[in-house]
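Asks: Keeping their order, the protein sequence lines are chains A and B.
My numbering numbers the first residue of the first sequence as 1 and each following residue consecutively.
My numbering numbers the first residue of the second sequence as 1 and each following residue consecutively.
Because the hints were derived from the structure by calculation, they are not lab data.
Just so you know, even glycine gets a beta-carbon here, dropped at the ideal spot from N, CA and C.
It is possible that part of the hints are untrue.
Every beta carbon over 10 Å from chain B, so not counted as near; a handful from chain A, in silico [as the list claims (entries may be wrong)]: (1) MET1; (2) PRO34; (3) ALA39; (4) ALA73; (5) GLY185; (6) GLU241; (7) ARG265; (8) LEU309; (9) ASP344; (10) PRO358; (11) ALA365.
For lysine to aspartate or glutamate, the following DMTMM-like pairs were computed, each having C-alpha atoms within a straight-line distance of at most 20 Å [what the hints assert, rightly or not]: (12) A:LYS226 <-> A:GLU134; (13) A:LYS412 <-> A:GLU401; (14) A:LYS252 <-> B:GLU68; (15) A:LYS226 <-> B:ASP201; (16) A:LYS252 <-> B:GLU74; (17) A:LYS14 <-> A:GLU41; (18) A:LYS305 <-> A:GLU315; (19) B:LYS134 <-> A:ASP433; (20) B:LYS134 <-> A:GLU416; (21) A:LYS252 <-> B:GLU50; (22) B:LYS17 <-> B:GLU6; (23) A:LYS51 <-> A:GLU35; (24) A:LYS69 <-> A:ASP32; (25) A:LYS412 <-> A:GLU370; (26) A:LYS276 <-> A:GLU315; (27) B:LYS134 <-> A:GLU445; (28) A:LYS167 <-> B:GLU50; (29) B:LYS134 <-> B:GLU6; (30) A:LYS226 <-> A:ASP298; (31) A:LYS252 <-> B:GLU176; (32) A:LYS14 <-> A:GLU35; (33) B:LYS134 <-> B:GLU8; (34) A:LYS333 <-> A:GLU318; (35) A:LYS412 <-> A:ASP374; (36) A:LYS396 <-> A:ASP374; (37) B:LYS134 <-> A:ASP452; (38) A:LYS167 <-> B:GLU174; (39) A:LYS167 <-> A:GLU228; (40) A:LYS226 <-> B:GLU228.
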Amino acid sequence: MQMPAPSQAILGRKPAIVAALRDVLPPDAVIDAPEETRAYECDALSAYACKPLAVVLPRSTAEVAAALKICHAMGVPVVPRGSGTSLAGGALPTADCVVLAIGRMNRVLETDYDNRFIRVEAGRTNLAVTGAVEADGFFYAPDPSSQLACAIAGNVAMNSGGAHCLKYGVTTNNLLGVTLVQMDGSVIELGGPWMEAAGLDLLGVVCGSEGQLGVVTEATLRILPKPEGARPVLVGFDSNEIAGACVSDIIKAGILPVAIEFMDRPCIRATEAFAKAGYPDCEALLIIEVEGSPAEIDEQLARIKEIALSHDPVEFREARDEDQARRIWLGRKSAFGAMGQINDYMCLDGTIPVSSLPYVLRRIAEMSAEFGLDVGNVFHAGDGNMHPLILYNANKPGDLERCEAFGAEILKLCVEVGGCLTGEHGVGIEKRDLMTVQFAPADLEAQMRIKDVFDPKWLLNPAKVFPLDTTASRRAG
Amino acid sequence: MRPETEAELSEAIRGAKGPLAVHGGGTRAIGAPQAQLLETTGLAGVELYEPGALTLVVRAGTALADVEALLASEQQRLSFEVPDMRALLGRDGVSTIGGVVAANASGPRRVQGGACRDSLLGVRFVDGTGAVVKNGGRVMKNVTGYDLVKLMAGSRGQLGVLSALSLRVQALPETEVTIAAERPLEAGLAALRAALSSPFDISGAGYDRGRALIRIEGMAGSVAYRAEALRQRLGGEWAVFSGQESAALWAGVRDVAALQDGAGSLWRVIAKQTEAARIAGAVGGRAVFDWGGGLIWLLLPGGMGHDLRRALGDSGHASLWRPSAGDETTPTAPEEPPAIAALSRAIRARFDPRQIFAT
Chain A
1 MQMPAPSQAI LGRKPAIVAA LRDVLPPDAV IDAPEETRAY ECDALSAYAC KPLAVVLPRS
61 TAEVAAALKI CHAMGVPVVP RGSGTSLAGG ALPTADCVVL AIGRMNRVLE TDYDNRFIRV
121 EAGRTNLAVT GAVEADGFFY APDPSSQLAC AIAGNVAMNS GGAHCLKYGV TTNNLLGVTL
181 VQMDGSVIEL GGPWMEAAGL DLLGVVCGSE GQLGVVTEAT LRILPKPEGA RPVLVGFDSN
241 EIAGACVSDI IKAGILPVAI EFMDRPCIRA TEAFAKAGYP DCEALLIIEV EGSPAEIDEQ
301 LARIKEIALS HDPVEFREAR DEDQARRIWL GRKSAFGAMG QINDYMCLDG TIPVSSLPYV
361 LRRIAEMSAE FGLDVGNVFH AGDGNMHPLI LYNANKPGDL ERCEAFGAEI LKLCVEVGGC
421 LTGEHGVGIE KRDLMTVQFA PADLEAQMRI KDVFDPKWLL NPAKVFPLDT TASRRAG
Chain B
1 MRPETEAELS EAIRGAKGPL AVHGGGTRAI GAPQAQLLET TGLAGVELYE PGALTLVVRA
61 GTALADVEAL LASEQQRLSF EVPDMRALLG RDGVSTIGGV VAANASGPRR VQGGACRDSL
121 LGVRFVDGTG AVVKNGGRVM KNVTGYDLVK LMAGSRGQLG VLSALSLRVQ ALPETEVTIA
181 AERPLEAGLA ALRAALSSPF DISGAGYDRG RALIRIEGMA GSVAYRAEAL RQRLGGEWAV
241 FSGQESAALW AGVRDVAALQ DGAGSLWRVI AKQTEAARIA GAVGGRAVFD WGGGLIWLLL
301 PGGMGHDLRR ALGDSGHASL WRPSAGDETT PTAPEEPPAI AALSRAIRAR FDPRQIFAT
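Kindly generate the complete structure, drawing on both the sequences and the hints.
Replies: See below:
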């Protein structure tokens, strides 16, 4: 994975840069000792690491602005960082950059149940946003599985999803406003506690821009009333095709579950060995969850059962109580851990049209044989987001490269069938070089124009998202 | 000019000698006075429709009515409930789906499933340089590169001409019910907000001609349960309407029936919900409230723009949709802070350097 060579000029000026930052920030907000900056050398794509020039840990929007202003004036690239949970290398530094980590900014600023929003400092974790409102019967819907650790700033940067997004949408559908500090230190407010943009939807384009348009220091988020209850069912099938057809029929029937999870045989077997959740040994299984009052749940599940049984499943399992519901979810929630216990694994994130699932799974199985690497598939069947888990051995020379090559072929396949490279994790560095598989030059140019406007010097997270040769002249600028 | 393919559209834009007036259904007056007409209705037709995946890919010049008929034939619809503004604005014409997206046109159900931009999965458009650009795709989970889909929704043709759109659709519910109560404005809006804060997943929250209106859609048992639970929770007298009667109430809110034959200037206000009553009270006139108070249609005497925008303050923004005498020079678009306006200008300049789409 190529990264731009660090600027020798900047490396040479490190003392001046650090001194300038220390001049405008509190003493504990700037760190540059190697043993301290090591903690920021990578994110959750830990195969790639590089210690930055320095790390800034601001406590306020004003401090963020002050730091960016200095970096802008001195031509120093900045890599914003939330909690560093990115699986795509979104927060990977270069040796000449300043990492700006906003984890210390985590306060709740305003909670308004009447207008149903919460305003928070963007370093607050996703789960802590729901935590602030759940005692009052509310929740913040986008819930990535890293929610215990991931920061709202990162959620906004990557337009994060989560298990609830089939029903409630992803971050961009739940984001009302942000305070954004641009690379030159200017602070703007996009959106607010109302329901439509006044002019161009700049908030909509900032969400998902992977820290390249500005640093989000505050966010106004939609909060929703908690549903009365939820309950899952588990359905096992003899074939991926039939499982896919069942999903399609449930959706056509007008039922909108809150989640539809799919697991294939390799994943089911690995999970059973690890978590012993009592899953059937079959080719495919679905976990479908619905929400509402007990009677509403019964009504929806009765309809789902009717549809599922018409597809002749291997098993249809209901939850008669909380414990059984927990056990239905247990395997799925242990899936990644189960795969990780067997081996190192790489988790992919492409999205496909849901109707393509059987074909894509067949092709993945063929490629698995070609590459000589095992793979298990977890799939958000309601929205098409796939998580192939490719097993490899990090200690075996060449295995990582082979795994990455296999992963790239899977992602190309996703694009080929009408899907996309990434449904949740973002491009970062991981899929940067595949962007030309999905986008034509004019498509990338249109996106880069937006960055030209927000960050003309291309200093914010410059080595991400777009292939390096496409951005070379802009970054050199 | 009436291109029938994306390539022809690209050529038409590249060859344009001056400003273009992009014309879908002609339901709005858009375009500089001397602009050349560019009709989009030649770019029509469905490219893909997968009901089981809730996905529709359609060319932008397709009539909205045709889109809605196709979806209805599979017991589906667009979730965001497109308003029909013709009576309100005194225009005729046949809306195109491209126009709907360009305006981010969204009706009462916006409170439940989001606006048009939240159902939009992908776009293809031709920008002011003639470049054909695509963004997004036809899948719901897509964070590959920047989200220009959101940027194009509601961009009112400033950045390019839409040629194809991917939309997420939804199934028609089994049934619908509306509960309605006569309430003074403050109390009525408070009831709407209370309903939106309930777990009962309402799909409409409006206040029209003295009544608070709340809609519940879904499976029959669920709807009956939720309607009753809401009436209990909100307290007081609530009449119950279903079927055609229910639908008619929402068509009235959606199309602002109450203000259709009124004289005066028509304003569209986007506000923080708890401020709606205060804002309307500050300027008087007649009003219809939607989105739980988050959308206010106001019919005011001419010349009240300054008062309205001052009353609004930091709580939202207002657009002048139909000026009357006294509002000849009132700015129709909401005022944006200078920094935001500068960013928008710069984006427009890059997508439309020759200012072909400027109005």
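Asks: Check each numbered hint from earlier against the structure, then list the numbers of those it violates in ascending order.
Replies: none
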